[in-house]
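There are 4 protein chains.
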Amino acid sequence: MPITAEQQAEIDAQRAAPQPTLRATSAGMEAHLYKAIPVLDHGFVRVIDYMGDDAAICQAARVSYGKGTKSVSNDEGLIRYLMRHWHSTPFEMCEIKLHVKLPVFVARQWIRHRTANVNEYSARYSILDREFYIPAPEHLAAQSVVNNQGRGDALTGQEAARVLDILKTDANRAYDHYEAMISEDGQQGLARELARMNLPANIYTQWYWKVDLHNLFHFLRLRADAHAQYEIRVYADAICSVVADWVPAAYRAFEDYRLGGLTLSGKAVDCLRRMLKGETVTQETSGMSAREWREFNEALEA
Amino acid sequence: MPITAEQQAEIDAQRAAPQPTLRATSAGMEAHLYKAIPVLDHGFVRVIDYMGDDAAICQAARVSYGKGTKSVSNDEGLIRYLMRHWHSTPFEMCEIKLHVKLPVFVARQWIRHRTANVNEYSARYSILDREFYIPAPEHLAAQSVVNNQGRGDALTGQEAARVLDILKTDANRAYDHYEAMISEDGQQGLARELARMNLPANIYTQWYWKVDLHNLFHFLRLRADAHAQYEIRVYADAICSVVADWVPAAYRAFEDYRLGGLTLSGKAVDCLRRMLKGETVTQETSGMSAREWREFNEALEA
Amino acid sequence: MPITAEQQAEIDAQRAAPQPTLRATSAGMEAHLYKAIPVLDHGFVRVIDYMGDDAAICQAARVSYGKGTKSVSNDEGLIRYLMRHWHSTPFEMCEIKLHVKLPVFVARQWIRHRTANVNEYSARYSILDREFYIPAPEHLAAQSVVNNQGRGDALTGQEAARVLDILKTDANRAYDHYEAMISEDGQQGLARELARMNLPANIYTQWYWKVDLHNLFHFLRLRADAHAQYEIRVYADAICSVVADWVPAAYRAFEDYRLGGLTLSGKAVDCLRRMLKGETVTQETSGMSAREWREFNEALEA
Amino acid sequence: MPITAEQQAEIDAQRAAPQPTLRATSAGMEAHLYKAIPVLDHGFVRVIDYMGDDAAICQAARVSYGKGTKSVSNDEGLIRYLMRHWHSTPFEMCEIKLHVKLPVFVARQWIRHRTANVNEYSARYSILDREFYIPAPEHLAAQSVVNNQGRGDALTGQEAARVLDILKTDANRAYDHYEAMISEDGQQGLARELARMNLPANIYTQWYWKVDLHNLFHFLRLRADAHAQYEIRVYADAICSVVADWVPAAYRAFEDYRLGGLTLSGKAVDCLRRMLKGETVTQETSGMSAREWREFNEALEA
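Residue numbers (the working numbering), protein chains in the order written: chain L, 173 to 474; chain R, 173 to 474; chain X, 173 to 474; chain W, 173 to 474.
Excised from the complex, chain L in its bound form (with noise of 0.2 Å):
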């Protein structure tokens, strides 16, 4: 239950009275603004703000006194331009500020992003929530036998179900604890800031979140890639969906160059000037280790 009916209450309030504005509006964003998009069990991404849209980034780049916009189809000509060569300053010139409920250890991968702006709710002042990720049957997987980073099929049947209870009871446990530790009610009472220590890393944390759509857009292509933990991957994934309604072409250059592109060696490139000239390349041929041959392969074929 990602929000209380409290929260929903303050949402509402919030979504109630529109006030009138001079700056770039995004009407995709507005749509989204404040509500709450549920992620795994307890989680959510909200969006707290916004600043500009397409036309920013095309106004920005041209450095032009007006909107900078001749056409729309001009405009998406420009920001494919940008994106193909690699021009980040223009995509900075967008922001957005997200409100996000996530569990710890989804949380630890995130901040290693370090170009954005972070508030988090903070366990020296206050008290955490009984709130605590357990995974679906589905994605209770298995350590991936060929990747020693990466998982495999989801456990089933005994296993699966003693997973499940461990993690279930020794959540719900080390929160017992956590309460009577802190409790001032016949004793002193531990300090908050040593009590969390004993809060495993599934419990949820919250913060607010604030980054420029370039430094959104290199988080997005490594955390919404399949080879990204499944959960903070829809975290990536409510955010892409986000960001396909506030700046719609932007977010189609980004799919097409980044998420869907593909970046090859110099010896990549080589083997396929070779192939597209008829010759038979192998991995002996390529000049590429098995790993480097083997992924490139797959890449054509996917």
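It is worth saying that the hints were derived from the structure and are not from the lab.
Identical copies look the same in the list; a pair holds intra-copy or inter-copy alike.
With a Cα cut of at most 20 Å, we get these calculated SDA-like pairs of lysine to any residue:
id, residue 1, residue 2
1, LYS340, GLY361
2, LYS439, ALA416
3, LYS439, GLU248
4, LYS340, ALA352
5, LYS449, TRP465
6, LYS439, GLU473
Given the coordinates of chain L, work out where chains R, X and W should sit on it, guided by the hints.
Then chains R, X and W, alone, in the frame of chain L:
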């Protein structure tokens, strides 16, 4: 003349059509949007966009669901607390985007502040305008005799006249030659990316500059300071007037703690304590160097 | 036990073979290299590499060709001037790389300082060790009754015993279950990236952390402060002792102007001036809130 | 003449006294230290300091205690893997500090890369030297007729002579007037911070520039590219030659995956797959615009 009639028409068009938004709005900033605040002889500062307001700072500090405001006076107290204790992240939740026209030598100082986003008018791609900063007579200052990095009184008489004549004549000749070199009339025409090297540092450039409020305050503390070069200080002053209208409570806290504040060394604090107990402290008994002692006394007497 | 015999052998090997270099070297830092300074019950700080010394700060400030040093006392004066006037870029010319072992809840505070480079041990890829932070009895503090974000005296008697028992028992049970879930003995074994979610925040992690001296000073000012949580302050203290050996003049300036310094608001400066003239100022006549007035007086009496 | 006899003597002094160090050293970089690599007519690049080597990249990626090296070939494979999969943080563990002398218009492009540390020679404080970049005849290029942001063939004959004459005469006159304005001989003398505004953008400045290897690679990918302006590309080329000696394995990976690599859009990958199956794809059936189709074919034929 910072703005042409054509540019003014574009600005008027942008101000003509308010849109409804659910985002936080600041009435003070809506009044500024797109208008040019003139700075120096041909420069300006224009607000293009903004994100957040005083309440947004508090909302992020509290990581709250709704507006997070209990009362305006509570908010002001919280903002002063955050400023006093160097809590920077809530101020990073506000963002401003400016369009600035400024001389190149000012731009070179400005860009040293790296935590901002910039799109500058490209003199590789486009032709620069014939606009140069020529100081007003009262700002045509002599080199300081006490401070290697400062200026003294204004030049007068023949010396002032000679300098103004040099600046005007050299700028115009350089621009004439710039035009002559890139002309494709009866010749190939030198590449723009090369021809620009002939232009002096008082030519005007322009850029879109986007920064969060915390980093903007850092910029303003250094550049609205009495020791900053006059030609960048006037830009900082113009921006200060904008920020005071945008986030009044945050600006008041900034004025009190940063612009009007004072940072003392441990040695200086020790002297102060002794002085407050009635001891007469001299440079010899202060433990400070002559320069530090002078700066300490100036700060207390100012 | 922060370091095993095997690790110590690796450290000894690294310290056994000095190489000639033409770079700036710091004798104080050479003595520290690779050695582990123990922190908390299982943690440490190790210097892995460093760049620059006091002279390098001056050399960059002067943009000079040679060592840029006129004399050691000149250098110290310049460094104090740079620190006093917030000239940060020369301090950015020094860099340090540390290997740190620390509890996860400390790592979560630490990582909020974004202007640094980090490589953390991956619990997606590798299996974490059974090492947890258990506070020493004198640091098992109660929640502060005056400060929501602080701690009071140490717990005593049965309450202390109960807390210690909970922390130890829960940590070990969580680790037993972590091992049971990832075991591939007679079962598939849960993916490591999922199993880690059962581990509490007092488990130890480790990382390589690289930062420039300016940003390190900012970190130390906040984290070596009396208001910082004890468990991160001991890391900051250990790093302070290293920096004092690395760049002694810069560290002395930092101690005087930042750690031992005081920042006063404009209102406070105004009160001071009146007090130095003999006026008796009270909270009512100070213009400050009760809280600001108390903090002001504490600072002057300390 | 990039280096005077006096400066050379300072450099020789710095190279004369190797010190023992326990840090990672790179023999290739020790040979470069302090020496000036000449660039353009008066510029240079000098390595002042460095941190880390190829092994340090692997050590950080593995968060290991010792050198972390199993074998040189293992290290090279790991480095290629990290580069291929955009793992940037291990490359951030290496750092380089350069002293660069360069024309102001090149410095203005360079500084747009913000993730670096810079200390520039101050023309507020000091007097600039009479040194200007004057292009060699073969680099006195015409504006490109196909690309607004590019250059074509070299100018010839009278046009070339006229341009060279303008550049030389204007630069020297501007400098004569700069000297005349700041002179304190029989007059007050204009403040240096104002007088500099008369100097053109081909005057040389200098700075200390410090950057980590990841961000340096990003800089080099953009600035060593064939589309970069020649006058900055020669600096990037000089730095490439240094990096190849410093971290040979990382540089080889960078060359293969970034400098010699190719990024394709999703549309382009789709076309490639069809072409490899024997289909004849034209612009009409490719889904690409004319410009993208041309760039795609150029990349495959190059």
